[in-house]
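Trainee: Fit chain B to the known structure of chain A by using the hints.
Residue numbers (numbering that gives the first Met the number 0), protein chains in the order written: chain A, 0 to 148; chain B, 0 to 314.
It is possible that some hints are incorrect.
[As the list claims (entries may be wrong)] Derived DSSO-like pairs (lysine-lysine); straight-line CA-CA distance at most 27 Å: (1) A:13 to A:2; (2) A:12 to A:2; (3) A:58 to B:81; (4) B:223 to A:58; (5) B:81 to B:147; (6) A:108 to A:2.
If you're looking for bench data, these hints aren't it; they were derived computationally from the structure.
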Amino acid sequence: MPKLLPLIEHAVKKPVWDCRMCGQCVLHSTGMTCPMTCPKTLRNGPCGGVRENGNCEVKPDMRCVWVTAEHRSHSPAMPRHWEEEFNDLRPPVDNRLQGTSSWVNFVTKRDQRTPRGWQGAAHDAHSAVPGASMVEIDDPTSLPEGFHS
Amino acid sequence: MSRLSTLIAEGRRPVVTAEFPSIDGGGLEAIERAADELRPFVDAVNATDNPAAHAHASNTSIAIAMSQFGLEPIMQVVCRDKNRIAMQADIVGASLFGVENIACLTGDDVTAGDEPEARRVFDLDSTQLIKVAAGLGEGHYLSGRAIKQPPTLFVGAVENPFAPPLDYRVQRALKKAEAGARFLQLQIGYYPERLEAFVRGCVEVGVTRTTALLPTVVLTKSAKALSFMDDAVPGISIPVDVIASVAGAGDKEAIAEASYQLTLDISRHALSLPGVSGIHLTDFRHDGSLERLVRDLGIGPAFDPVATASGTTSH
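Here chain A stands alone, though its shape is the one from the complex:
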């Protein structure tokens, strides 16, 4: 089953959202518009290059992903807290999760793990880091081989 999950997720999300399988889905907070379809893969809003007609700097015939996202985020069909989350600062992508199932990563909370510095904390490289010796079972790189296809 774990092997199948990414396939199923991709089969569902590719046709609807052009899902790129980043493994850390934020669709609900971006107006159900995938930010990874932005040619610059921007996760925190539109760049300054959006054309006067609202189209993409890179692909002149494509609507800017963030123009669409911003518009949709105000849709009455969306839950209110999704609209509020639109302005959240989304952390850098964890490139190790590419191709893995965001559903699994959501359940294990793996998709919420960010580098220590993102939370503002400094640690001394030479002293022991609390928890560093613990086995991080939510790290896909330490999961059994084949858990993620």
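Mentor: Then chain B, alone, in the frame of chain A:
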């Protein structure tokens, strides 16, 4: 503390920043010449990072050289060409040479440049880069690894009040301010009402409590230059009647003068807005117009009596 951060914190007079020309060759003399031209009239100058996706002498090398010639650099860092490791290394590396002001940009896409075949990176986006850069100043890399003697940094960014989604630009400015941006250089724009709405919004939501807004104006010499920016520069749109009024000014000299007056008007308007802390200048003329502009506006180290009295111009 950089001079830029001190001037902004004092708030005694509008700050003046400018764009450094792209350098490809000519050794340090080329940088010294350009620095000599700008130094008397500006407080700090952008060392650009492969502008419009064209390769030039690097942001770090120009920023370091500028500071050695007594011109305070604002080092641009764009997300297009390097991953998070390389960008952090550039900021920390330049800081060893005294570079403190950092402007975090997404960057024009590779397709805007002369090497559209290149791989685009965008490992971080500009807002994430702001937070990462601010973290370096607080004494740690993104990983959390400590920097024992952290760099002194003054982190800023850019924002475009003139590009869609217009209603969202204030929120984006706020997001950047909350991520750690202490100044925002704004994109070139020819819609005064959009700038007004943006600045007003920034004041209302509190952006200007932490973050200085610096609208950009550009010195051009012809209607063709305006048309070029309208057509070819991502995120810049110029109303047709503005271009037409410059084009219809008369002969070449009259057009150049009309172009200057347009820039002067836009600058005066920008500086009149409560919430604006200064101005950023881009000079495509290189005919002494930059000096004329700061003189006419009465701003910058050379022409602002407040600055002279307070002695903030000494380097």
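Trainee: For every hint, state whether the structure bears it out.
Mentor: Structure-based check of all given hints:
no. : hint          : in the structure
1   : A:13 to A:2   : holds (17 Å)
2   : A:12 to A:2   : holds (17 Å)
3   : A:58 to B:81  : holds (22 Å)
4   : B:223 to A:58 : holds (25 Å)
5   : B:81 to B:147 : holds (25 Å)
6   : A:108 to A:2  : holds (18 Å)
In summary, the structure agrees with every hint in the numbered list given earlier.
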